[in-house]
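Undergrad: In order, the protein sequences belong to chains A and B.
Residue numbers are given in our numbering: position 167 of the first sequence equals residue 194, and the series is strictly consecutive.
Residue numbers are given in our numbering: position 194 of the second sequence equals residue 403, and the series is strictly consecutive.
Everything labelled a hint here was simulated from the structure, so no lab data went into it.
Careful, some of the hints might be misleading.
Partner residues aside, some chain B positions facing chain A, computed with beta carbon under 8 angstroms [unchecked claim]:
no., residue
1, Leu244
2, Phe262
3, Ser264
4, Met360
5, Tyr363
6, Tyr371
7, Ser376
8, Ser433
9, Ser496
10, Ile502
11, Gly540
12, Val542
13, Leu554
List time: in silico SDA-like cross-link candidates among lysine to any residue, alpha-carbon distance up to 25 angstroms [as the list claims (entries may be wrong)]:
no., chain 1, residue 1, chain 2, residue 2
14, A, Lys166, A, Val228
15, A, Lys166, A, Gly190
16, A, Lys166, A, Ser39
17, A, Lys166, A, Asn30
18, A, Lys166, A, Leu32
19, A, Lys151, B, Phe436
20, A, Lys151, B, Arg490
21, A, Lys151, A, Gly190
22, A, Lys151, B, Ala245
23, A, Lys151, B, Gln407
24, A, Lys151, B, Ala535
25, A, Lys151, A, Leu194
26, A, Lys151, B, Gln494
27, A, Lys166, A, Gly89
28, A, Lys166, A, Val33
29, A, Lys151, B, Gly247
30, A, Lys166, A, Tyr283
31, A, Lys166, A, Lys151
32, A, Lys151, B, Gln533
33, A, Lys166, A, Ser31
34, A, Lys166, A, Asp254
35, A, Lys151, A, Leu188
36, A, Lys151, A, Trp90
37, A, Lys166, A, Leu188
Ideal Cβ placement from N, Cα and C applies to all residues, glycine included.
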Amino acid sequence: MNNSLVVVTAASAIFYGTPLLFASLGELLAERSGVLNLGVEGMMLVGAVSGFWAVQTVGGPGWLSLLTAVAVAALAAAATSLIHAFLTVTLRASQIVSGLALTIFAGATGLSSYLGHVANLGGKPAHHEFDAIDVFGLKDAPVIGPILFHQNALTYGSWVLVGLALLYLYRTRPGLHLRAVGESPATADAMGVNVTTYRYVHTMLGGALAGVGGAFFSLAITPFWLDGMTSGAGWIAIALVIFAFWRPELALVGAYLFGAFSSLAFTLQARQVHLPPEVFSSLPYLMTIVVLVLVSTGWGRRRLGAPAALGVPYIREER
Amino acid sequence: MIRIERRLTEARWLLVAVPVGSLIGAVILSSVILLATGHDPLGTWQRLLDRGFLSEGALSATLVQATPLLLTGLAAAAAFRMQTWNIGAEGQLYLGAVGASGAGIALGSQPAALVIPAMVLAGLVTGAAWAAIPGVLRAVFRTNEIITSLMLNYVAGLLITYLIFDSQSYWRELSTFTSRVFPQGKYLSAAAGWPSVQIAGIAIPFGFLLGMVAAASLWLLYRSTRFGFEARVIGDSRAAAHYAGIRTRRKIVAVMALSGAFAGLGGAAEIGDFRHVLDPRGLQQASFGYAGIVVAALARLNPFAVILVAVLLGGLSNGGFSLQGADFPAGLVGTLQGLILFCALAGELLVRYRVRVQRPRRSPVHPADVATVRPA
Numbered sequence: 028m029n030n031s032l033v034v035v036t037a038a039s040a041i042f043y044g045t046p047l048l049f050a051s052l053g054e055l056l057a058e059r060s061g062v063l064n065l066g067v068e069g070m071m072l073v074g075a076v077s078g079f080w081a082v083q084t085v086g087g088p089g090w091l092s093l094l095t096a097v098a099v100a101a102l103a104a105a106a107t108s109l110i111h112a113f114l115t116v117t118l119r120a121s122q123i124v125s126g127l128a129l130t131i132f133a134g135a136t137g138l139s140s141y142l143g144h145v146a147n148l149g150g151k152p153a154h155h156e157f158d159a160i161d162v163f164g165l166k167d168a169p170v171i172g173p174i175l176f177h178q179n180a181l182t183y184g185s186w187v188l189v190g191l192a193l194l195y196l197y198r199t200r201p202g203l204h205l206r207a208v209g210e211s212p213a214t215a216d217a218m219g220v221n222v223t224t225y226r227y228v229h230t231m232l233g234g235a236l237a238g239v240g241g242a243f244f245s246l247a248i249t250p251f252w253l254d255g256m257t258s259g260a261g262w263i264a265i266a267l268v269i270f271a272f273w274r275p276e277l278a279l280v281g282a283y284l285f286g287a288f289s290s291l292a293f294t295l296q297a298r299q300v301h302l303p304p305e306v307f308s309s310l311p312y313l314m315t316i317v318v319l320v321l322v323s324t325g326w327g328r329r330r331l332g333a334p335a336a337l338g339v340p341y342i343r344e345e346r
Numbered sequence: 210m211i212r213i214e215r216r217l218t219e220a221r222w223l224l225v226a227v228p229v230g231s232l233i234g235a236v237i238l239s240s241v242i243l244l245a246t247g248h249d250p251l252g253t254w255q256r257l258l259d260r261g262f263l264s265e266g267a268l269s270a271t272l273v274q275a276t277p278l279l280l281t282g283l284a285a286a287a288a289f290r291m292q293t294w295n296i297g298a299e300g301q302l303y304l305g306a307v308g309a310s311g312a313g314i315a316l317g318s319q320p321a322a323l324v325i326p327a328m329v330l331a332g333l334v335t336g337a338a339w340a341a342i343p344g345v346l347r348a349v350f351r352t353n354e355i356i357t358s359l360m361l362n363y364v365a366g367l368l369i370t371y372l373i374f375d376s377q378s379y380w381r382e383l384s385t386f387t388s389r390v391f392p393q394g395k396y397l398s399a400a401a402g403w404p405s406v407q408i409a410g411i412a413i414p415f416g417f418l419l420g421m422v423a424a425a426s427l428w429l430l431y432r433s434t435r436f437g438f439e440a441r442v443i444g445d446s447r448a449a450a451h452y453a454g455i456r457t458r459r460k461i462v463a464v465m466a467l468s469g470a471f472a473g474l475g476g477a478a479e480i481g482d483f484r485h486v487l488d489p490r491g492l493q494q495a496s497f498g499y500a501g502i503v504v505a506a507l508a509r510l511n512p513f514a515v516i517l518v519a520v521l522l523g524g525l526s527n528g529g530f531s532l533q534g535a536d537f538p539a540g541l542v543g544t545l546q547g548l549i550l551f552c553a554l555a556g557e558l559l560v561r562y563r564v565r566v567q568r569p570r571r572s573p574v575h576p577a578d579v580a581t582v583r584p585a
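Okay, chain A solo, but in the shape it has when bound (with noise of 0.2 angstroms):
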C-alpha cells in the first residue's frame, strides 16, 4: 500500500516541495512590505553553493556541519538580497529590473558558478546531506507514514516556519506593520512605523529563505553541486506567491502541488512510462502557466491578497 502511485508521489511532492516552499514565503514576506524581489532564482543559488561549500569545509559532527551550512546559505543569500533592498529601498531603482540583475548576477552564468568553480565544489559528492528522520517509528504507518513521518529535519523546519509565519503576520505588531507597509507606506510611516528598516529586513528575511531553499537543492535533492542546480525552482516560487494570495498557508499547498508536478516526473519515469524525459521536465513549468493564468482570471482578478503598495518605490517627500 504504501508503495503505491498515490502515496509515493504525495511522499516526493512534500519532499520536492519543501525548497520552493522556503522560498515562496520568503518572496512572501518581502512582498508584504512592498519589495517584489525577481532575483529568489539567484539567490537560491548562492544558498546552494554556500551551503554546499560550508558542508565540505567544516567538519564535526554531521548535524552540527549541515546546521553550519543552512545557517551559511542563509547568511550568503540574505547578503545577496542586501543588493536588491540598497537599490530598490534607499536608491529607488526599478524594482523589476533590480531583481532581474541580481538573477543574472548571482544565477547559472554568474557568483554562484563562479564561486562553485573556484573552490572547486563540482562532481563530489556531499560529506553529509539531510536524510529522512523516522518520527515515533511511524514511517511504516500505513499511507500516512511515508507522507508525514518520512521526511528529513528541514522539511519539519518548513513546517514550523509556515506557523510561524501566520503567527507573525496575523498575530503580532511587528506583522500588523509590515502588513500596513505592504498596504500603505504613508500611513505606516505616520504611524511611526521605519518603513526602509521594514523593507529592509524582510527583503532579507526573503533573502535568507531562499538561500536555505536552495542549499536544500545541494543537501538534501542531488546531494551534491551542479551549475544552475535549481533549474528555475525560484522562478515557480514566485509564481507561488501569487498562486498563494500572498497567504502562508495557501503558500504550502502550492509548494506541493508543485512539488508533485516534479516528483511525477521522476516517479513515472521509474514506472516506466515511456514518454520523452523532456515532457515529463517541462511538466512544471507548463503547469505553472497553467495556474497562473487560472489565479489570474476569477478572483485574481480583484489582485485579492496582493499588497497595493507592491512594486512602487516609497519617496516620503513625494508622498
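Take the given structure of chain A and dock chain B to it, following the hints.
TA: Frame of chain A, contents of chain B only:
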C-alpha cells in the same frame, strides 16, 4: 545633510556619463571579487581586452557574439519601453534558431538568395509566435508576463534538447552510425551560411547588419509612428492610455510579438552566421537572452546605443569564452554583467534625481520670532 530631489529636466551629459560610469564601477567591483578569490584583476582584464578586441581577428569574432546580443537587446528595449516585461528572449531565440535551421535544412539545395531570406523570415516568425503566447495570456487573462515568458524559456530549452537528443526529429542527423550514437543536428549546406562584409580587415556578419537595420527601424517605429507613440503612452501611464482610447491589449500582443521577432532573428543569425547547426548545448550555454536585458538597460533602451553596448558586451563574452579555464573561471562574465546592471540602476538615480549636500542653516527661524508679530 543629504537631500534627494527630483530633476525636472534631464541632464544630457548624464545620459552618457552614467553608462560609462556603470562600466567602470562594475570593473572595480568585480576586481574586488577577483582579488578576494585570489586572482589577479589587472592581468584578467588585460587578457579579456586582448581576446575580446585587440588581438588578431578578435573584433570579427566579437561581432559574431555581438549579433545575437544586439538582437536580444533590441527585443528587451522594444518591450521594456512599453513597461511590458518580456524576459523570454532566451526561449524566443531558441525557437528562432529552430525555425531558421529548419528552413535552412528544407531549402538546402536551393541558391543562397532563396535560403537566407527564408531563414530570416522563419526566425522572425517562430520567435514572434513563441513570444505571442505570454503576450496573449497577458492581454486576455492579465497573467503576469514576467513569469510566463520566463517559464517558456525552460520549455524552449527542453524542446531543443528533445529535438536533437531524444527524438528522431527533422533537425537531427541520422544518416551515419556515429551520429545515431552521439546525437547531433544536421549541418546546413554552404548556401545557408550567411555572408559577411569585409571592412578594414574586420568581417561584419550579415546578421549584425540586419541587427543594425532592426535597430534603426525600432528607433523610427517608436519615434515617428502612431504605433510607437501609443506604445510610449502605455509605457508612461497605462491609465492615461486607457482614457485616450488606446487599445492596450492589442498593443501588448503586438509589442510582445515584435520583441520575440527580434529575439528570433537573433537565433536565426546565430545559426546562419556562426553555428550552421541546431546545437542545444551551445545555445543554452551562451544565454544571450538574459544578457540582452543587460544590454538594453545599459543602453537606456535607446536602439542605437544598443548596437554599441552589444559590441562591448559581445567582446566581453567572446573574450570570456576563449579564456575560460583555471585563470578565468566560468561565471565571471555573468557576474560582471550583473554588476554592470546594478551600477546602471544606481546611476539611474542620478539621472532622475539631484543629490544635494546641504549645510544646516546657521540661523534657523525660531517660532518665537513669528509669534512676536502682533496685530496692531
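Undergrad: With reference to the structure, classify each hint as holding or not holding.
TA: Okay, the hints, checked on the actual structure:
no.	hint	result
1	Leu244	12 angstroms, violated
2	Phe262	21 angstroms, violated
3	Ser264	24 angstroms, violated
4	Met360	4 angstroms, holds
5	Tyr363	5 angstroms, holds
6	Tyr371	4 angstroms, holds
7	Ser376	7 angstroms, holds
8	Ser433	27 angstroms, violated
9	Ser496	5 angstroms, holds
10	Ile502	6 angstroms, holds
11	Gly540	3 angstroms, holds
12	Val542	7 angstroms, holds
13	Leu554	4 angstroms, holds
14	A:Lys166 - A:Val228	39 angstroms, violated
15	A:Lys166 - A:Gly190	23 angstroms, holds
16	A:Lys166 - A:Ser39	14 angstroms, holds
17	A:Lys166 - A:Asn30	13 angstroms, holds
18	A:Lys166 - A:Leu32	17 angstroms, holds
19	A:Lys151 - B:Phe436	55 angstroms, violated
20	A:Lys151 - B:Arg490	23 angstroms, holds
21	A:Lys151 - A:Gly190	36 angstroms, violated
22	A:Lys151 - B:Ala245	24 angstroms, holds
23	A:Lys151 - B:Gln407	48 angstroms, violated
24	A:Lys151 - B:Ala535	18 angstroms, holds
25	A:Lys151 - A:Leu194	41 angstroms, violated
26	A:Lys151 - B:Gln494	22 angstroms, holds
27	A:Lys166 - A:Gly89	22 angstroms, holds
28	A:Lys166 - A:Val33	16 angstroms, holds
29	A:Lys151 - B:Gly247	22 angstroms, holds
30	A:Lys166 - A:Tyr283	19 angstroms, holds
31	A:Lys166 - A:Lys151	30 angstroms, violated
32	A:Lys151 - B:Gln533	21 angstroms, holds
33	A:Lys166 - A:Ser31	15 angstroms, holds
34	A:Lys166 - A:Asp254	34 angstroms, violated
35	A:Lys151 - A:Leu188	31 angstroms, violated
36	A:Lys151 - A:Trp90	20 angstroms, holds
37	A:Lys166 - A:Leu188	23 angstroms, holds
Of the hints listed earlier, those the structure fails to meet are numbers 1, 2, 3, 8, 14, 19, 21, 23, 25, 31, 34, 35, in rising order.
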